[in-house]
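Chemist: The primary structure of each chain is shown beneath.
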Amino acid sequence: MSEQYLRETPFHDRIAAVASAQSWERWQGHITAVTLGGMDREYFAIRNSASVYDVSPLIKYRITGADAARFVDRLITRDVARCAIGQAYYTPWCDDDGKVIEDGTLFRLGKADFLLNAALHNLHWLRDTAYGFDVTIEDVSAEIAGLSVQGPLAQTVLIAMGIGGLERLAHMRLAETRLDDRPMRVSRTGFTGDLGYELWIRPGDASWLWDRLMAAGALYNVLPIGSAALNHARIEAGFILVNVDFISATYALRPSQKRSPYELGLGWAVNLKKDGYFIGKRALLAERKAATPRRALVGLEIDGRKPAVDAFIYAGKREVGRTTSAIWSPTLKKNIAIASIAGDQALPGTELGIEIWHPKELKIERSMVGCRVVHRPFYDPPRKKA
Amino acid sequence: MSGETHYDAIIVGGGHNGLVCAAYLGTAGLKVLVLEAAAQLGGAAVTREFHPGYRASAVAHLLHLLHPRVIADLKLTQHGLAFAATDLPTTALLPDGDRLTLAADPAASRTALARFSPHDAEALPAFTERFNRLAAALGRFLLKTPPQISAAQWQDRRTLLEFALSLRRLGRRDMRELTRIIGMNAADLLDDNFESDALKGVFALDSVLGGFLGPKSPNSVFNLLYRAAGNVAGRQNGLIQPKGGMGAVTAALASAASAAGVELRTGAPVEWIRIADGRAVGVVLESGREISARHILSSADPRRTFLTLVGPEHLDTGFVRHVRGIHMNGCAAKIHLALDGLPEAWQADPEMTAGRLVVAPSIDFMERAFDDAKYGRVSEAPALEVTVPSLHDSALAPAGGHVLSIVAQFAPYQLRETVAEAARDQIAARVLAALGTVAPDLPDRVRAQEVLTPQDLERQFRLTGGHWHHGEMSLDQVFLLRPVGGFQQYRTPIDGLYLCGAGAHPGGGVSGAPGANAAREVLKDHKLPRAA
Ligand SMILES: Cc1cc2nc3c(=O)[nH]c(=O)nc-3n(C[C@H](O)[C@H](O)[C@H](O)COP(=O)(O)OP(=O)(O)OC[C@H]3O[C@@H](n4cnc5c(N)ncnc54)[C@H](O)[C@@H]3O)c2cc1C
Numbered sequence: 001m002s003e004q005y006l007r008e009t010p011f012h013d014r015i016a017a018v019a020s021a022q023s024w025e026r027w028q029g030h031i032t033a034v035t036l037g038g039m040d041r042e043y044f045a046i047r048n049s050a051s052v053y054d055v056s057p058l059i060k061y062r063i064t065g066a067d068a069a070r071f072v073d074r075l076i077t078r079d080v081a082r083c084a085i086g087q088a089y090y091t092p093w094c095d096d097d098g099k100v101i102e103d104g105t106l107f108r109l110g111k112a113d114f115l116l117n118a119a120l121h122n123l124h125w126l127r128d129t130a131y132g133f134d135v136t137i138e139d140v141s142a143e144i145a146g147l148s149v150q151g152p153l154a155q156t157v158l159i160a161m162g163i164g165g166l167e168r169l170a171h172m173r174l175a176e177t178r179l180d181d182r183p184m185r186v187s188r189t190g191f192t193g194d195l196g197y198e199l200w201i202r203p204g205d206a207s208w209l210w211d212r213l214m215a216a217g218a219l220y221n222v223l224p225i226g227s228a229a230l231n232h233a234r235i236e237a238g239f240i241l242v243n244v245d246f247i248s249a250t251y252a253l254r255p256s257q258k259r260s261p262y263e264l265g266l267g268w269a270v271n272l273k274k275d276g277y278f279i280g281k282r283a284l285l286a287e288r289k290a291a292t293p294r295r296a297l298v299g300l301e302i303d304g305r306k307p308a309v310d311a312f313i314y315a316g317k318r319e320v321g322r323t324t325s326a327i328w329s330p331t332l333k334k335n336i337a338i339a340s341i342a343g344d345q346a347l348p349g350t351e352l353g354i355e356i357w358h359p360k361e362l363k364i365e366r367s368m369v370g371c372r373v374v375h376r377p378f379y380d381p382p383r384k385k386a
Numbered sequence: 001m002s003g004e005t006h007y008d009a010i011i012v013g014g015g016h017n018g019l020v021c022a023a024y025l026g027t028a029g030l031k032v033l034v035l036e037a038a039a040q041l042g043g044a045a046v047t048r049e050f051h052p053g054y055r056a057s058a059v060a061h062l063l064h065l066l067h068p069r070v071i072a073d074l075k076l077t078q079h080g081l082a083f084a085a086t087d088l089p090t091t092a093l094l095p096d097g098d099r100l101t102l103a104a105d106p107a108a109s110r111t112a113l114a115r116f117s118p119h120d121a122e123a124l125p126a127f128t129e130r131f132n133r134l135a136a137a138l139g140r141f142l143l144k145t146p147p148q149i150s151a152a153q154w155q156d157r158r159t160l161l162e163f164a165l166s167l168r169r170l171g172r173r174d175m176r177e178l179t180r181i182i183g184m185n186a187a188d189l190l191d192d193n194f195e196s197d198a199l200k201g202v203f204a205l206d207s208v209l210g211g212f213l214g215p216k217s218p219n220s221v222f223n224l225l226y227r228a229a230g231n232v233a234g235r236q237n238g239l240i241q242p243k244g245g246m247g248a249v250t251a252a253l254a255s256a257a258s259a260a261g262v263e264l265r266t267g268a269p270v271e272w273i274r275i276a277d278g279r280a281v282g283v284v285l286e287s288g289r290e291i292s293a294r295h296i297l298s299s300a301d302p303r304r305t306f307l308t309l310v311g312p313e314h315l316d317t318g319f320v321r322h323v324r325g326i327h328m329n330g331c332a333a334k335i336h337l338a339l340d341g342l343p344e345a346w347q348a349d350p351e352m353t354a355g356r357l358v359v360a361p362s363i364d365f366m367e368r369a370f371d372d373a374k375y376g377r378v379s380e381a382p383a384l385e386v387t388v389p390s391l392h393d394s395a396l397a398p399a400g401g402h403v404l405s406i407v408a409q410f411a412p413y414q415l416r417e418t419v420a421e422a423a424r425d426q427i428a429a430r431v432l433a434a435l436g437t438v439a440p441d442l443p444d445r446v447r448a449q450e451v452l453t454p455q456d457l458e459r460q461f462r463l464t465g466g467h468w469h470h471g472e473m474s475l476d477q478v479f480l481l482r483p484v485g486g487f488q489q490y491r492t493p494i495d496g497l498y499l500c501g502a503g504a505h506p507g508g509g510v511s512g513a514p515g516a517n518a519a520r521e522v523l524k525d526h527k528l529p530r531a532a
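First to last, the protein sequences are chains G and W.
Residue numbers 1 to 386, in the working numbering, belong to the letters of the first sequence in order.
Residue numbers 1 to 532, in the working numbering, belong to the letters of the second sequence in order.
The shape of chain G in the complex, shown without the other chains (with noise of 0.2 angstroms):
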């Protein structure tokens, strides 16, 4: 059993005594839960009660030194310079090309210290990035583990078990408390697009957090949660994945399938009058000259109820693009899915075709339907950002 090689989470004991299911997959060289009793259950619990996901194998990088903020600032698209200490903040950096290599939220910890949260690894690229700047850069992935408590009652809940303070902190912010005497970092921040919250600790802490949020959340019906059910709230979030609906410049072969921000629809955190150079700049301002952007990753309601999985897009006879995620949308009651296309078709309301293909009782089916081009986030309720 591959598995066996596979390291596991500082809450995989926690974890892998509920996970009656035993559906395993490797994330970033351990082995963590797609589902664990059911992921249904795990679903509405990220949309009606509380959800649990352990997010330790995330990739953390810790930057310091007195270049620290210069350095970042050269690094990621959006202005550092109004970052605040305490905040939060999702970004994507790019290449030389302006073409995004990762998308990920930055903590700002203090005036010349920050964590980078990444999905891949980047070590090279950052370290790369900081010749002549002067700054330390850390992979601290080891030395954080993280649980994010996701849903209408994640407050609640935490407020429950003890945690101080949480009323007060607004989305996207930091605070530095303590629980028990043990150091907690609590970030408002989520993969959900819900009311939620990710707790930071010590990897020696995980047993102890765990066991006092299952008592705390008892009566909530705080339920840990797999990656299948939260990968449909991120959908529904509007969330892109890196290497699912896009593929990072570094990893891409072919240089057609990179993808600057404008074309992932993150234009919004590309900031071109921020002070200084930052990697990709000039690429990005000689794309903005350009009209339209060659590409666009839109949010896309489909008719029917198959989930349009790696389907394809047509505008009239003309294919124009893929979906890079879809699924059925319990919450929303919706057929939806995030699609790469042709940057003239990207507008809100355009009228598309999609073939679908599904199967059904050992057959493939083919299914042509009509979809439309909407806003991301599918899903965004107000308690999110209240």
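Hints listed in this document are in silico derivations from the structure and should not be mistaken for laboratory results.
Please note that the accuracy of each hint is not assured.
To be verified - Straight-line distance between alpha carbons at most 27 angstroms, and here's what the computed DSSO-like set of lysine-lysine pairs gives:
id, chain 1, residue 1, chain 2, residue 2
1, W, LYS527, G, LYS289
2, W, LYS524, G, LYS289
3, G, LYS274, G, LYS111
4, W, LYS75, W, LYS144
5, G, LYS334, G, LYS385
6, W, LYS31, W, LYS524
Start from chain G and add chain W with the ligand according to the hints.
Modeler: Chain W with the ligand in isolation, oriented as in the chain G frame:
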């Protein structure tokens, strides 16, 4: 603080390429300022005194690449360029006191070589003829801007087409031969064609001069081709002793530039290049003075230009990665000896002594010399290229005295265990010892010496890594890939900033080609409407 004058172009570095570029731009009517850090113009092409009364070409000493079109366009002859001697013969000095002289006259070479190998004597003329033909095909691109591969511009397509045609024009056999040998190592090529160690040693030296490679390393044939691509004074691959040393080439260029209205300033080191809104707009001198211009050109090597003068904060990660990765581990040391007289055997043969003398008795000798360098050591037995410029130019030494100008390979810039000071002593001692083996009475005649290791060359001439070519001439660093892929057209990622030195196509040596090519590209952009 802004300068009282605004220039069309500022050229950082008054080496020969900076001057060539300036002269072309000045002639085209641009207002040009050259800023040279050193007290003297010329960069690595200078003549200077190293001991009272003794002068030598301080770095480059033999002219073989200076492009005839540059000489003609800039009317360098009118500006005083003269050759003390052309078509210098090359003589291999062998350990047993024997010699092999390869002269410009094929018949003479043939006779000389026949003593070593009748086979080689017969094979050499045909080999040389063909090799020069192949090199000349490449030589047609010395004064051309390398095309972009995604050739959207018709000019680029034309150059690509010309490149293909030029190879095609060679004929099928030559074309096949060129593609066969271009990436080869010289040792294999020489072993395939010749049997005499003495002859192969001479070629082996030429195949590595200026580089961090041995005759058994790939790219050594390419180095030979690059050398042979030159064609000065109507002779391909000929060697020339300029009258007055290399400094005289610089003097002619400076005169041409001045005549074209170029302003030349020495003792003016540029500390950094000012970038505003992604565009190079001026330079800041070490003195703190700031001068602005529409175009900024740098003849400093690419590493220095991008990492020091521009700074990585203005550049993309991948680009900086490529620039940091440019191989430029200089390996040639320069030694100047003041003699109170020539060795007896040399006096007896003035024709030979007036030529180029080399100590490189075999391929294996060269390769062993490189083996040391490979592991960061000075060669135990270095190979030498020696000239006696004072024979052509009595002004270079007091009466009766002579100057020896010596290039020694290998003294690597990147040393492992040896400290720089020790390396200088080692190279001095080993060069003298090597000379002693071929001219026993020479060491006693030395009155003074100057030893310039690559570290010294870096310090005194601002040659990063002490590198001859501002970056190794290997297939991964030439033509489309010089200085780095995507930026082979003299333009840089920074608008308004250009490269015009040896780090750009076609490369190093006193050729003037990078300077001339850069000027042509700047003039194209100068005609465009100004960016808002
Ligand atoms: C040991 C040795 C022997 C050689 N022998 C020969 C030979 O025999 N024949 C031959 O053809 N070639 C020879 N070469 C190669 C040749 O000398 C060079 O390739 C050539 O001179 C390079 O010319 P350039 O103008 O491009 O650069 P350089 O001559 O290096 O000129 C660059 C100039 O820029 C100046 N500069 C740099 N930074 C700044 C700054 N910040 N501000 C102001 N000025 C600055 C430098 O001072 C320098 O004057 C030799 C090289 C070496 C090292």
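Chemist: For every hint, state whether the structure bears it out.
Modeler: Comparing the hints with the structure gives:
1. W/LYS527 x G/LYS289: Holds, at about 22 angstroms.
2. W/LYS524 x G/LYS289: holds, 23 angstroms
3. G/LYS274 x G/LYS111: holds, 18 angstroms
4. W/LYS75 x W/LYS144: Given that 27 angstroms is the threshold and the Cα spacing comes to 20 angstroms, the pair holds.
5. G/LYS334 x G/LYS385: Holds: G/LYS334 and G/LYS385 sit about 24 angstroms apart, inside 27 angstroms.
6. W/LYS31 x W/LYS524: With Cα atoms ~16 angstroms apart, W/LYS31 and W/LYS524 stay inside 27 angstroms; holds.
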